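Mapping the first sequence onto full-length UniProt numbering, position 54 (from 1) lands on 54, and the numbers just tick up by one.
Hints are computed from structural coordinates only; laboratory data are not their basis.
All figures in this text were calculated on a predicted structure; none of them were measured in a lab.
Beta carbons are placed, not taken as given, at the ideal position from N, Cα and C, and that holds for glycine.
Each hint should be verified, as a subset may be incorrect.
[What the hints assert, rightly or not] Distance windows between CB atoms, simulated: (1) 52 / 124: 47 to 55 Å; (2) 294 / 111: 38 to 46 Å; (3) 291 / 216: 42 to 50 Å; (4) 400 / 257: 53 to 61 Å; (5) 291 / 185: 42 to 50 Å; (6) 159 / 124: 34 to 42 Å; (7) 156 / 229: 13 to 21 Å; (8) 357 / 292: 26 to 34 Å; (9) 83 / 494: 54 to 62 Å.
[Unchecked claim] Result set (DMTMM-like, lysine to aspartate or glutamate): computed pairs, CA atoms no more than 25 Å apart in a straight line: (10) 265 / 247; (11) 494 / 259; (12) 413 / 427; (13) 159 / 129; (14) 364 / 400; (15) 312 / 223; (16) 248 / 192; (17) 312 / 349; (18) 54 / 42; (19) 149 / 213; (20) 491 / 478; (21) 364 / 330; (22) 149 / 84; (23) 364 / 392; (24) 126 / 146; (25) 406 / 427; (26) 184 / 129; (27) 189 / 259; (28) 102 / 380; (29) 184 / 194; (30) 220 / 194; (31) 54 / 2; (32) 413 / 492; (33) 494 / 400; (34) 248 / 223; (35) 312 / 259; (36) 248 / 499; (37) 494 / 182; (38) 491 / 380; (39) 220 / 181.
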Amino acid sequence: MDMYFKFGEAKAGRRLFEGMVVRDVVSWNTLVSGYSLCGDVDAARCVFDQMEEKNLVTWSTMVTGYARVGKLDVARWFFDVMPERNVVSWNAIIAGYAQNDKYSEAIDLFYQMLEVGDGGRGRRVKPNDVTLVSVLSSCAHLGALDFGKRIDRFINRNKMELNVFLGNALADMFAKCGCVEECKRVFEKMRERDVISWSIIISGFAMYGQVEEAFGYFLKMLECRVKPNEITFMGLLSACTHAGMVEKGLECFNQMENEYGVAPKVEHYGCVVDLLSRAGCLNDAEDMINAMPIRPNAIVWGALLGGCRIHKDVSRGVRVVQRILEINSDHSGSYVYLANVYASMGRLDDAAICRLRMRDNCVKRTPGCSWIEVNNTVHEFFMGDRSHPLTDRIYLMLSELGTRLKLAGYEPKTELVVHNVHEEEKEDALFTHSEKLAIAFGLISTSHGTTIRIVKNLRVCIDCHEATKIISKIVSREIIVRDRSRFHLFKDGKCSCNDYW
DNA sequence: ATAGGGTTAG
Numbered sequence: 001m002d003m004y005f006k007f008g009e010a011k012a013g014r015r016l017f018e019g020m021v022v023r024d025v026v027s028w029n030t031l032v033s034g035y036s037l038c039g040d041v042d043a044a045r046c047v048f049d050q051m052e053e054k055n056l057v058t059w060s061t062m063v064t065g066y067a068r069v070g071k072l073d074v075a076r077w078f079f080d081v082m083p084e085r086n087v088v089s090w091n092a093i094i095a096g097y098a099q100n101d102k103y104s105e106a107i108d109l110f111y112q113m114l115e116v117g118d119g120g121r122g123r124r125v126k127p128n129d130v131t132l133v134s135v136l137s138s139c140a141h142l143g144a145l146d147f148g149k150r151i152d153r154f155i156n157r158n159k160m161e162l163n164v165f166l167g168n169a170l171a172d173m174f175a176k177c178g179c180v181e182e183c184k185r186v187f188e189k190m191r192e193r194d195v196i197s198w199s200i201i202i203s204g205f206a207m208y209g210q211v212e213e214a215f216g217y218f219l220k221m222l223e224c225r226v227k228p229n230e231i232t233f234m235g236l237l238s239a240c241t242h243a244g245m246v247e248k249g250l251e252c253f254n255q256m257e258n259e260y261g262v263a264p265k266v267e268h269y270g271c272v273v274d275l276l277s278r279a280g281c282l283n284d285a286e287d288m289i290n291a292m293p294i295r296p297n298a299i300v301w302g303a304l305l306g307g308c309r310i311h312k313d314v315s316r317g318v319r320v321v322q323r324i325l326e327i328n329s330d331h332s333g334s335y336v337y338l339a340n341v342y343a344s345m346g347r348l349d350d351a352a353i354c355r356l357r358m359r360d361n362c363v364k365r366t367p368g369c370s371w372i373e374v375n376n377t378v379h380e381f382f383m384g385d386r387s388h389p390l391t392d393r394i395y396l397m398l399s400e401l402g403t404r405l406k407l408a409g410y411e412p413k414t415e416l417v418v419h420n421v422h423e424e425e426k427e428d429a430l431f432t433h434s435e436k437l438a439i440a441f442g443l444i445s446t447s448h449g450t451t452i453r454i455v456k457n458l459r460v461c462i463d464c465h466e467a468t469k470i471i472s473k474i475v476s477r478e479i480i481v482r483d484r485s486r487f488h489l490f491k492d493g494k495c496s497c498n499d500y501w
């Protein structure tokens with residue numbers, strides 16, 4: 001019966017169930033999980049409501065079913081009211097949160113799992129490898145290295161075997177938390193590796209712009225006769241993008257289909273357009289979009305727009321904005337670009353109209369956010385944020401940094417700030433960027449010489465990048481920033497990205 | 001027998 005459901009044959013599964021002479025709770029559960037597997041939670045719920053005898057499995061199935069379709073509140077309700085819970089029920093709800101991008105909540109629940117167990121009789125439930133996979137994946141997304149390291153110690157202390165799932169999750173956590181060497185160590189230690197393991201280590205090196213290592217592992221992967229997939233090639237292509245290696249990237253793009261039989265998807269085109277655009281090959285980038293066999297999305301055009309901004313190609317930029325707004329009228333980057341172009345030409349009225357249009361369409365820019373983990377707590381900062389308990393000391397540190405930065409020759413890069421404020425206000429706006437707040441907090445709350453690790457949701461801005469380089473020198477600290485697509489290692493006044501990002 | 005897990009451009 002579950003075979004039918006696995007192949008999406010819900011009706012056949014149901015017919016088989018109807019024909020059964022003796023039905024026990026297991027056959028009912030199979031029916032419920034079958035519907036849930038096909039994505040039809042409502043049907044699963046309907047069966048659930050008809051069942052007279054329910055057990056742990058029935059309840060857990062409902063938790064998974066609702067989580068799978070993104071109805072987390074309902075999943076949580078089932079989890080909260082179920083009469084007893086075992087490790088699988090906990091895993092179901094934790095995975096549900098993690099898979100719906102609620103990483104902090106997933107980790108909170110993991111803590112609760114350790115504390116309360118099944119809730120009813122106070123019996124503790126011990127996490128297993130499946131639990132840790134979801135928790136590690138959440139750490140990876142949050143960049144929560146300290147917490148990830150504790151999970152690593154838990155694995156070692158309990159002598160848990162690094163199976164391919166757990167090993168992959170652990171290696172990916174290290175890669176995404178700024179420790180490629182640890183990622184490598186885990187990868188080498190794993191007894192079994194699949195295409196996902198190889199893709200993780202390749203994109204791990206890609207995030208640091210280490211092309212040689214990324215392609216080195218690609219060659220080893222081929223030697224081990226593991227077939228690369230579309231995600232492996234995303235890793236390789238983004239390695240080329242992060243290092244500005246146009247020729248190698250194009251070669252890789254051509255080979256993926258011709259030699260390895262992996263058809264490029266819109267994501268791969270996006271990556272190559274980004275590669276060409278950053279390098280200033282705007283004609284080639286635009287030609288590539290126009291010749292694509294699949295429909296370009298707003299992200300592909302957005303990559304070209306980014307290049308127009310870097311290389312100040314205004315006329316192409318305005319043309320690209322039109323194409324983006326045709327596809328997605330909510331694209332905040334386009335409005336901001338256009339407004340800045342008008343403003344820089346002195347057409348302030350047009351700039352204002354553009355911003356009004358953005359507001360009328362209720363387009364919101366994603367607010368910049370940075371966070372830093374200190375003593376197992378994640379501290380989050382937004383631009384101009386004054387909500388942190390240590391705000392006074394943070395701003396004191398910021399102004400001290402400001403003075404020392406200017407002495408060291410730093411000049412605020414105000415050109416990209418909105419154009420209707422005074423020069424001094426622009427500088428203030430720059431100086432309270434979330435990234436600088438997080439760095440200032442890191443400086444006052446960690447001991448001298450400690451590496452500061454920041455994670456941010458957007459790409460690092462040019463001014464923060466310049467400022468962070470100098471800060472790393474004047475305070476003699478390594479500062480590691482993970483932005484939305486790569487790592488920057490600031491040390492002694494320089495950044496590992498060589499100012500290419 | 002029936003429930004739980006990892007990688008993807010901007």
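Looking at the structure, which of the earlier hints fail to hold? 1, 3, 6, 7, 11, 14, 15, 16, 22, 23, 27 and 35
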